[in-house]
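Chemist: Below are the chains, spelled out letter by letter.
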Amino acid sequence: MTASVSTAASTPAIELRRVVKRFGKTTALDGLDLQVGRGELVGLLGPNGAGKTTTVKLLLGLVRPTAGTGSVLGAPLGDRTARSRIGYLPELFRYQPWLNAREVLGLHARLGHVAKPARHDAIEQALQRVGLGERAGDRVGGFSKGMQQRLGLAVALLGEPELILLDEPTSALDPVGRTDVRAIVRDARDRGATVILNSHLLSEVEQVCDRVVILHRGRTIAAGTLDEVVAVDGVRVRVGHASPAIEAAAAVFGPVATTADGWLTVRPLAAERIPDVVAAIVGAGGRVEAVEPGRGSLESRFLELLADDEPPTGATAS
Amino acid sequence: MITIAALTVRELFRRRVVYVLAALTILSVVLVGWGLDRLVDLARDNGSGELEIQIGVSQVLILIAFMFSFVLAMTAAFVGAPAVGGDLESGVAYAILARPLRRAELIVGRWLGSAVVVVAYTIASGLLAIGVAVLVSGYGPPEPLLAVIFLSGEVLVLLTLTLALGSVLPAIAAGAIAVVGFGLGWMAGVLAGVAAALGVDGLRGVAEASRWILPTDGLWRGVIYGLEPPLVVLIAAGRAPALANANPFYATEPPAPLFVIWSIVWMALVLGAATWWFERRDL
Numbered sequence: 001m002t003a004s005v006s007t008a009a010s011t012p013a014i015e016l017r018r019v020v021k022r023f024g025k026t027t028a029l030d031g032l033d034l035q036v037g038r039g040e041l042v043g044l045l046g047p048n049g050a051g052k053t054t055t056v057k058l059l060l061g062l063v064r065p066t067a068g069t070g071s072v073l074g075a076p077l078g079d080r081t082a083r084s085r086i087g088y089l090p091e092l093f094r095y096q097p098w099l100n101a102r103e104v105l106g107l108h109a110r111l112g113h114v115a116k117p118a119r120h121d122a123i124e125q126a127l128q129r130v131g132l133g134e135r136a137g138d139r140v141g142g143f144s145k146g147m148q149q150r151l152g153l154a155v156a157l158l159g160e161p162e163l164i165l166l167d168e169p170t171s172a173l174d175p176v177g178r179t180d181v182r183a184i185v186r187d188a189r190d191r192g193a194t195v196i197l198n199s200h201l202l203s204e205v206e207q208v209c210d211r212v213v214i215l216h217r218g219r220t221i222a223a224g225t226l227d228e229v230v231a232v233d234g235v236r237v238r239v240g241h242a243s244p245a246i247e248a249a250a251a252v253f254g255p256v257a258t259t260a261d262g263w264l265t266v267r268p269l270a271a272e273r274i275p276d277v278v279a280a281i282v283g284a285g286g287r288v289e290a291v292e293p294g295r296g297s298l299e300s301r302f303l304e305l306l307a308d309d310e311p312p313t314g315a316t317a318s
Numbered sequence: 319m320i321t322i323a324a325l326t327v328r329e330l331f332r333r334r335v336v337y338v339l340a341a342l343t344i345l346s347v348v349l350v351g352w353g354l355d356r357l358v359d360l361a362r363d364n365g366s367g368e369l370e371i372q373i374g375v376s377q378v379l380i381l382i383a384f385m386f387s388f389v390l391a392m393t394a395a396f397v398g399a400p401a402v403g404g405d406l407e408s409g410v411a412y413a414i415l416a417r418p419l420r421r422a423e424l425i426v427g428r429w430l431g432s433a434v435v436v437v438a439y440t441i442a443s444g445l446l447a448i449g450v451a452v453l454v455s456g457y458g459p460p461e462p463l464l465a466v467i468f469l470s471g472e473v474l475v476l477l478t479l480t481l482a483l484g485s486v487l488p489a490i491a492a493g494a495i496a497v498v499g500f501g502l503g504w505m506a507g508v509l510a511g512v513a514a515a516l517g518v519d520g521l522r523g524v525a526e527a528s529r530w531i532l533p534t535d536g537l538w539r540g541v542i543y544g545l546e547p548p549l550v551v552l553i554a555a556g557r558a559p560a561l562a563n564a565n566p567f568y569a570t571e572p573p574a575p576l577f578v579i580w581s582i583v584w585m586a587l588v589l590g591a592a593t594w595w596f597e598r599r600d601l
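Order-wise, the sequence lines are chains A and B.
If you're matching positions, the first sequence starts at 1 in the numbering used here and goes up one per residue.
If you're matching positions, the second sequence starts at 319 in the numbering used here and goes up one per residue.
Calculated from the structure, these hints are not laboratory results.
One thing to keep in mind: the hints can contain errors.
[Said to hold, decoys possible] Residues from chain B that face chain A, not an exhaustive set, calculated with beta carbons under 7 Å: (1) F331; (2) R334; (3) S346; (4) G404; (5) A413; (6) R417; (7) P418; (8) L419; (9) V450; (10) L601.
[Unchecked claim] DEER-style ranges, computed between Cβ atoms: (11) B:S408 x A:V176: 25 to 31 Å; (12) B:F388 x A:H113: 40 to 46 Å; (13) B:R333 x A:H113: 56 to 62 Å; (14) A:Q128 x B:R599: 34 to 40 Å; (15) A:D79 x B:F388: 42 to 48 Å; (16) B:M385 x A:V176: 54 to 60 Å; (17) A:G224 x B:R334: 52 to 58 Å; (18) B:R598 x A:P47: 39 to 45 Å; (19) A:F23 x B:L521: 40 to 46 Å.
[Stated by the list, open to error] A few chain A residues facing chain B, derived, Cβ under 7 Å: (20) L60; (21) L62; (22) R83; (23) S84; (24) P90; (25) R94; (26) W98; (27) R102; (28) R110; (29) L111; (30) P255; (31) V256; (32) T259; (33) W263.
Keep in mind that this is a model prediction, so the values were computed, not measured.
For every residue, glycine included, the Cβ atom is placed at its ideal position computed from N, Cα and C.
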C-alpha cells in the first residue's frame, strides 16, 4: 500500500457506468451510475436491498457485473493490483478468532503488500487509531462485537490506503465508538483518501459526508452535496417590532408562521427568493435581526425520495 | 500462497487439531504395541512357529492400517471441508479476498497448509506404529516407507476432494460426500476383485472405472503391498492370484506407475476445477 495518496491521479476514484448485477432472478443493481472524485467522503445511502453492499463488493471484485463497466482508482473493476490501495471493512466483519488483533493486522499487512520495514509501525498506528492498543495481544475470539468492528476498521485503515470502503462501520458500536469513527473518517479524508461510508444511520452520514448518493432498487435516485440533495425549503427571519403588515408582506411569498419570540417562518420557499422576503419585511417597516435559511432533514428528504421512486399503486404489468 | 499455507498450519496448531491428533496417535500406538505383544506371547505359548507369527503380525498390521486409513479419511474431511468453505460461511474470507490475493492462491494455499499437516501426521504416526510393531514382535514389513507414502497419497486425494467440494458446497456437505465417496470407492475395489475372480467382465469394468474416478482404493492397494510379507504374496499368487486380489487385504503387486501418475493428475484436475469455479463465483 502507498504511504501517501497520489495527488497526480487524474482519474476519479470510482466510476461506474450503467452497471447491472443480477443474482438469478433478483436484480441487485439496475443500471447504476456512480462517480466519486479523489479525496471525497461520500455517504452511500439506501434502504435494505437497495444495492449498497453489492456496489461495494463490485468495487472489490468480490462480485462481477452482469453488464456495464467501471473503474476503481483508475483500474478496471476487479483489478487485483488496485486492491493493494483499498481498505475494506465488510458488513459481516469476521476475523480469525484464533489470532490476536496484532496478528490479524500482520496477516493483512502481508496480504496487502505493506512494505516489510513499514509493517510494524503501520500495525501499531492502526491499533492505536481505533483504540485497540491495549488489547492488541488478545485473541479475537474473546472480543466483543464492538471490538471486532474496531479491529475491522483498523484492518481497513492499515497502510493508509487511497480508497477506504466502510460497509456499516458503526453497526456494533456504542455512541463513543460512533464518535471515534466520525473522527477517523474525517482524518482519512483530510489525509487525502477517498472514503465511501455505507450506512443506514442518516444522521451519521449527515455529520461527516461531503456528498451523499441515495440508491433505491439498484439505481441512483439522488446524488450531490447535502445542500443539493436536501434543498433549502424555507426561511426563518427574526423580526423586531413584528406587525400584521409585516406578516402580510411576507405572506406574498408563501405560508407564514410566527412565534411569540419574534421568529417569522416562510415555508415552502425557493432559496433564491430569500433576499426578496427580507427586502419585503424591511419595506413593511420590520427590523431584521437574523435570517436562517431553513433546510429539511436528510431523513425526511430520504423518505420523500423513496416514496417518489415507488411504482404507483394499482399499476398493472403490461 | 505461502502466507495462506503458513496461516493454515498455524490455524491447525492454534485450534489444537495437531495436539489432539498427536495425543490420539500416541494412545493408539501404545494400544497397538500392547495388543501385538500379547498376541505374540499367546502364539508362542501355543507353540506357533516364527513364520506363522510373522504372517499373523503382518495381517494384524494390515488390519490396523485399514482402520487407520478410515481415521485419516475422517481427518482429511474435517480439515479439508472447512478450509475454504468454513471461511466463506463465517465471513472471514471477505476481508482476505478483498486484498490483492488471487482466489487460486487461497485455494492452493489452504490445500498446501492442510496437506503439510495431514501428510506429516500420516507419516509420523504410520512409521511410529510400524516401529512399535517391529519392536514388540520382531517382524518388519518389507516396504514400510512405500506403505506410508501410499497411505499419504490416499489421504491427499481425500483432502483434495473435500477442500474442492468445500469451495463449492457447504462445508458439512463437502465432508459428508467425501467420506461416503471414500467408503464407496473401497467397496467398488472389493467388487472389482470379486468380479475379476468370478469372471464377470461388466461388473469388473464398472468397479475398475470407479478406482480411476476416485483413486483412494487403488492407492490403498499400495499400502497393503508395502505391508505384506513376500511369502504371503508368493503363496497367494501361486495358488489363485485372481482370488487373492478379490480380498481387500491382499495385493500381489503395487499400483501401476500409470495409476500413480493418474492419482497426481487427478488431484491437480480436481483442485484446478475447484479453482476455476471459485474464481468465477460471486461472494
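Chemist: Tell me if B:L601 is really an interface residue toward chain A, meaning its C-beta lies closer than 7 Å to one of theirs.
Modeler: This interface hint holds because 4 Å falls under the 7 Å limit.
Chemist: Would the hint on B:A413 be counted as holding, given a Cβ-Cβ threshold of 7 Å to chain A?
Modeler: Cβ of B:A413 sits 6 Å from chain A, so the hint holds.
Chemist: Take the shortest C-beta to C-beta distance between A:W263 and chain B; is it under 7 Å?
Modeler: Check failed: Cβ of A:W263 comes no nearer than 51 Å to chain B, outside 7 Å.
Chemist: Go ahead and decide if the range 39 to 45 Å is satisfied by the Cβ distance of B:R598 to A:P47.
Modeler: 30 Å, violated
Chemist: Please test the hint of 56 to 62 Å on the beta carbon pair from B:R333 and A:H113.
Modeler: 28 Å, violated
Chemist: For the hint on A:V256, does the least C-beta distance to chain B fall short of 7 Å?
Modeler: 54 Å, violated
Chemist: Can you verify the interface hint for A:S84: is its Cβ closer than 7 Å to any Cβ in chain B?
Modeler: 4 Å, holds
Chemist: Quick one, is the B:R417 hint okay against chain A at 7 Å, beta carbons?
Modeler: Nearest chain A Cβ about 4 Å off; hint holds.
Chemist: Does the nearest C-beta of chain B fall within a distance shorter than 7 Å of the C-beta of A:W98?
Modeler: 4 Å, holds
Chemist: Taking the beta carbons of B:S408 and A:V176, is their distance inside 25 to 31 Å?
Modeler: Hint holds: Cβ distance 28 Å, inside 25 to 31 Å.
Chemist: Is the interface hint for B:G404 satisfied, with its Cβ closer than 7 Å to some Cβ of chain A?
Modeler: Constraint on B:G404 not satisfied, violated at 11 Å.
Chemist: The hint says 54 to 60 Å between B:M385 and A:V176; measuring C-beta to C-beta, is that right?
Modeler: Holds, since B:M385 and A:V176 (Cβ atoms, about 58 Å apart) stay within the stated range.
Violated hints, listed in ascending order, are 1, 2, 3, 4, 9, 13, 18, 27, 30, 31, 32, 33; each of the other numbered hints is respected by the structure.
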